[in-house]
Amino acid sequence: MNFDYSPEEETFRQEVRTWMEANAPRDPSGIATGMRIGKETQFAWEKKLASKGWLAYTWPAEFGGPGFTPVQRDIFDAERARAGAPSVIPFALMMLGPVLMKFGTPEQQKRFLPRIASAEQVWCQGYSEPGSGSDLASLKTQAVRQGDKYIVNGQKIWTTQAHWAHWIFCLVRTSGDGSKQQGISFLLMDMNTKGIEVRPIVTIDGHHHLNEVFFTDVEVPVENLVGVEGQGWTIAKYLLTHERTAIAGVGDSKRQLRWLSETVARDPALKDSPHARRRIAELEVDLLALEYTNLRTLDRMAKGHSPGPESSGLKIKGTELQQGISEAQLEFGGLQAMPWGQDVEGEPVYRAASTRYNFLRACTIYGGSNEIQKNVLAKVLIGL
Amino acid sequence: MDLSFTSEQEILQDSAVKFAQKGYSFDQYKKSLKAPGQCDPAIWKQVAEFGWLALAVPESAGGIGGSTLDIALVAEALGAGLVIEPFIAGAIFPAAIIAASESAGRQDALLGNLASGDAQLAVAYSERAGRFDPAQCTTIADKNAKGFVLSGEKICAFNAPNASHLIVSARNGSAVDLFLVPRETAGLSLTAYPVLGGGVAADVKLDGVQVDSDARLGDITALEAGLDKAIAVDCALALGGMKALFERTSAYLRTRKQFGVAIGTFQVLQHRVVDMFIELEQSRSLVLLATAKADSGDAVERRRAVSAAKAYVAKASKMVAQQAVQLHGGIGMTEELDVGHYFRQLTAFGTRFGDRDYHLDRFQAVAAA
Numbered sequence: 001m002n003f004d005y006s007p008e009e010e011t012f013r014q015e016v017r018t019w020m021e022a023n024a025p026r027d028p029s030g031i032a033t034g035m036r037i038g039k040e041t042q043f044a045w046e047k048k049l050a051s052k053g054w055l056a057y058t059w060p061a062e063f064g065g066p067g068f069t070p071v072q073r074d075i076f077d078a079e080r081a082r083a084g085a086p087s088v089i090p091f092a093l094m095m096l097g098p099v100l101m102k103f104g105t106p107e108q109q110k111r112f113l114p115r116i117a118s119a120e121q122v123w124c125q126g127y128s129e130p131g132s133g134s135d136l137a138s139l140k141t142q143a144v145r146q147g148d149k150y151i152v153n154g155q156k157i158w159t160t161q162a163h164w165a166h167w168i169f170c171l172v173r174t175s176g177d178g179s180k181q182q183g184i185s186f187l188l189m190d191m192n193t194k195g196i197e198v199r200p201i202v203t204i205d206g207h208h209h210l211n212e213v214f215f216t217d218v219e220v221p222v223e224n225l226v227g228v229e230g231q232g233w234t235i236a237k238y239l240l241t242h243e244r245t246a247i248a249g250v251g252d253s254k255r256q257l258r259w260l261s262e263t264v265a266r267d268p269a270l271k272d273s274p275h276a277r278r279r280i281a282e283l284e285v286d287l288l289a290l291e292y293t294n295l296r297t298l299d300r301m302a303k304g305h306s307p308g309p310e311s312s313g314l315k316i317k318g319t320e321l322q323q324g325i326s327e328a329q330l331e332f333g334g335l336q337a338m339p340w341g342q343d344v345e346g347e348p349v350y351r352a353a354s355t356r357y358n359f360l361r362a363c364t365i366y367g368g369s370n371e372i373q374k375n376v377l378a379k380v381l382i383g384l
Numbered sequence: 001m002d003l004s005f006t007s008e009q010e011i012l013q014d015s016a017v018k019f020a021q022k023g024y025s026f027d028q029y030k031k032s033l034k035a036p037g038q039c040d041p042a043i044w045k046q047v048a049e050f051g052w053l054a055l056a057v058p059e060s061a062g063g064i065g066g067s068t069l070d071i072a073l074v075a076e077a078l079g080a081g082l083v084i085e086p087f088i089a090g091a092i093f094p095a096a097i098i099a100a101s102e103s104a105g106r107q108d109a110l111l112g113n114l115a116s117g118d119a120q121l122a123v124a125y126s127e128r129a130g131r132f133d134p135a136q137c138t139t140i141a142d143k144n145a146k147g148f149v150l151s152g153e154k155i156c157a158f159n160a161p162n163a164s165h166l167i168v169s170a171r172n173g174s175a176v177d178l179f180l181v182p183r184e185t186a187g188l189s190l191t192a193y194p195v196l197g198g199g200v201a202a203d204v205k206l207d208g209v210q211v212d213s214d215a216r217l218g219d220i221t222a223l224e225a226g227l228d229k230a231i232a233v234d235c236a237l238a239l240g241g242m243k244a245l246f247e248r249t250s251a252y253l254r255t256r257k258q259f260g261v262a263i264g265t266f267q268v269l270q271h272r273v274v275d276m277f278i279e280l281e282q283s284r285s286l287v288l289l290a291t292a293k294a295d296s297g298d299a300v301e302r303r304r305a306v307s308a309a310k311a312y313v314a315k316a317s318k319m320v321a322q323q324a325v326q327l328h329g330g331i332g333m334t335e336e337l338d339v340g341h342y343f344r345q346l347t348a349f350g351t352r353f354g355d356r357d358y359h360l361d362r363f364q365a366v367a368a369a
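These protein sequences, in sequence, are chains A and B.
Each residue of the first sequence is one higher than the one before, counting from 1 in the numbering used here.
Each residue of the second sequence is one higher than the one before, counting from 1 in the numbering used here.
Hints were generated in silico from the structure; no laboratory data involved.
Keep in mind that a hint or two might mislead.
For lysine-lysine, the following DSBU-like pairs were computed, each having C-alpha atoms within a straight-line distance of at most 30 angstroms [claimed, not checked]: (1) A:Lys379 x B:Lys318; (2) B:Lys18 x A:Lys303; (3) A:Lys52 x A:Lys102; (4) A:Lys254 x A:Lys48; (5) B:Lys257 x A:Lys379; (6) B:Lys18 x B:Lys45; (7) B:Lys315 x B:Lys30; (8) A:Lys180 x A:Lys140; (9) B:Lys30 x B:Lys318; (10) A:Lys254 x B:Lys243; (11) A:Lys379 x B:Lys243; (12) A:Lys254 x B:Lys315.
Throw the hints in and build the complete structure from the sequences for me.
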């Protein structure tokens, strides 16, 4: 057993590091401080990654990705985070992409995958509805087949970046028969289609990333159905189990914690505080445990096994840690973390803390709330 | 990166698991508790025959010279089996110190006896005012014509009542050095007692104890290296106990009925079990890291990984142990069920060789240096 990276992996890390250092966006509005970034910066960054062939960095070569190994993907993400660059919008790259590779027709693959990998097409995900949060399978947005079209009516909510997206993939109800899961289908829609309306939701971090999306008699060609009618739930489950390791967020948490500890080390009020030092040590130890649990999962995947039981806790622990770090950033920031909605002079990590702290309350809610994750895991562990 | 075990390690793990499950038992545990020094000679003989004691002894001294991971695989199984015989305190820890010391090579006979199970050792390094820090040492080693005269007091020297020799730390000028002291040396007196979670220890008085100059094993770096190895192995032992408690608790939730249903159908209890499982897996990751780094020649890397593991597992094992008792309810409080005995073992684990706060500070100090 050894935890050392191979010489080839170290060479790869150096290549990514050099490229990231030269190309990561230098955004005065504060990527480096962890603040939310604008559409132009995000899109330009994704274009730059695409031109290097690294936007779809989790994809195999046969579908236009670089064909990285699981360990290389992890190194890539770690180096991206280390350089302070934003992560990619995940919906098309991490979710829809793998779904199309497994369930899509060759035509669908040819039509969408190259546009996604080239940053031409940005996607959002239409899952949650006002009455269907954790109980996702109760969703009501309806798609009724009429000839070679579906007519879609209903509403989605909490749709991240719908106001940026060119396309949306949706879970819709195509049948009321059988179990609630059986009547769900997976449908792709152009956001420019008549009858789709996007309304913003501003969250407690003061920013607009979420939306409501309304569908009124939206006409969708049947060739935009992925898989067969009624297969939507199976596809959704496949999608949710994909990329379990990226969800731990090890790289970004490392970056944030390093910023904090570097800042505390020069903060005249905190640098000699045993309390502050011990709290940082606690977070560092927790992060180390997460990092090596993630590596155990990667090692299994690299050997062709499915992720083991150790991977189930990655989302729960990873998001708790993101919140724990942001909480320490806010509390160590003290009065310097109080300015709101306007950037003022001061330590960057403290300036960004109130926004980050508020935003990150979402991470234990999205992607299946941590309580739902525990329900799922309990079924496996207790078996009742 | 390759996190798989070698086939030899798998065989080792397999035999240790089988021994703990079949050769040992809750009944044997209770029998061992009543044995002299809480160590059943028949069990100790078996442990030696398996070669597990020889794992800590270098090949040059007639041992097997296993890696810390090899030893940890055995320890995890022993921890899961509630084995209280002094595997770490009486063998792994002192052997690791001797192997890391300048005297390695001069103590082959003693190490041979240790590997064969004919002798046990103990380390007396803790002092009342020094808490967990081995460098806080007020016991004095005065050099004289015959060697050294040792004077001072040690507390809680694990396994000392069973040991043929003690490794004693003492201040020699400005350095802290280690001395091998035969148990029967004049001036050495022990106040022996059983300890929480099984096993025995002693407070040690050294009243002008004369030892030869050959008795000096080396300096504190050997103690630190041995201690780090012992801590990594001890974390694996605790991991075994945590795993056993997780398995017993999830099984209990499947079978125990209240309100007409298995209590495992209650969400609040389900989530508790999930939390126990997650802590177990996070702990396992750091135990693997610590065992891998315990053999590193880079002392900074070694200390950092070992202290991270101990800091994490101390907290996680406390959570798992407390929740195992809580979820078992009244029966978890009784001597009759093994759960409470694992609870005591894990409680003792949290403190011996340094608690969470001590290791967080040590981790932080290493990281900052």
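Pair hint Lys379 (chain A) and Lys243 (chain B), alpha-carbon separation not exceeding 30 angstroms | holds (18 angstroms)
Pair hint outcome, Lys254 (chain A) versus Lys243 (chain B) [Cα-Cα no greater than 30 angstroms] | Status holds; Cα separation ~29 angstroms.
Would you mind confirming whether the straight-line C-alpha gap from Lys30 (chain B) to Lys318 (chain B) stays at or under 30 angstroms?
-> holds (23 angstroms)
Compare the distance between the alpha carbons of Lys18 (chain B) and Lys45 (chain B) with 30 angstroms, and conclude whether the hinted pair is satisfied.
-> holds (16 angstroms)
Does the alpha-carbon distance linking Lys180 (chain A) and Lys140 (chain A) stay inside the 30 angstroms limit?
-> holds (10 angstroms)
Pairwise hint evaluation, Lys30 (chain B) against Lys315 (chain B), where the allowed Cα distance is 30 angstroms at most = With Cα atoms ~27 angstroms apart, Lys315 (chain B) and Lys30 (chain B) stay inside 30 angstroms; holds.
Hint consistency between Lys52 (chain A) and Lys102 (chain A) [alpha-carbon to alpha-carbon, up to 30 angstroms] = With a Cα-Cα distance of about 25 angstroms, the restraint between Lys52 (chain A) and Lys102 (chain A) holds, given a limit of 30 angstroms.
Measure nothing beyond the straight line between the CA atoms of Lys257 (chain B) and Lys379 (chain A); if it is 30 angstroms or shorter, mark the hint as holding.
-> At roughly 17 angstroms apart (the allowed maximum being 30 angstroms), Lys379 (chain A) and Lys257 (chain B) satisfy the hint.
Mind checking the alpha carbons of Lys254 (chain A) and Lys315 (chain B) for me, to see if they're no more than 30 angstroms apart?
-> holds (22 angstroms)
Decide if the proposed pair is consistent with the structure: Lys379 (chain A) and Lys318 (chain B), CA atoms, cutoff 30 angstroms inclusive.
-> holds (24 angstroms)
Compare the distance between the alpha carbons of Lys18 (chain B) and Lys303 (chain A) with 30 angstroms, and conclude whether the hinted pair is satisfied.
-> Holds. Lys18 (chain B) to Lys303 (chain A) sits at ~28 angstroms (cutoff 30 angstroms).
Does the alpha-carbon distance linking Lys254 (chain A) and Lys48 (chain A) stay inside the 30 angstroms limit?
-> Distance ~24 angstroms between Lys254 (chain A) and Lys48 (chain A) Cα, so the pair holds.
The earlier numbered hints are all upheld by this structure, with none contradicted.
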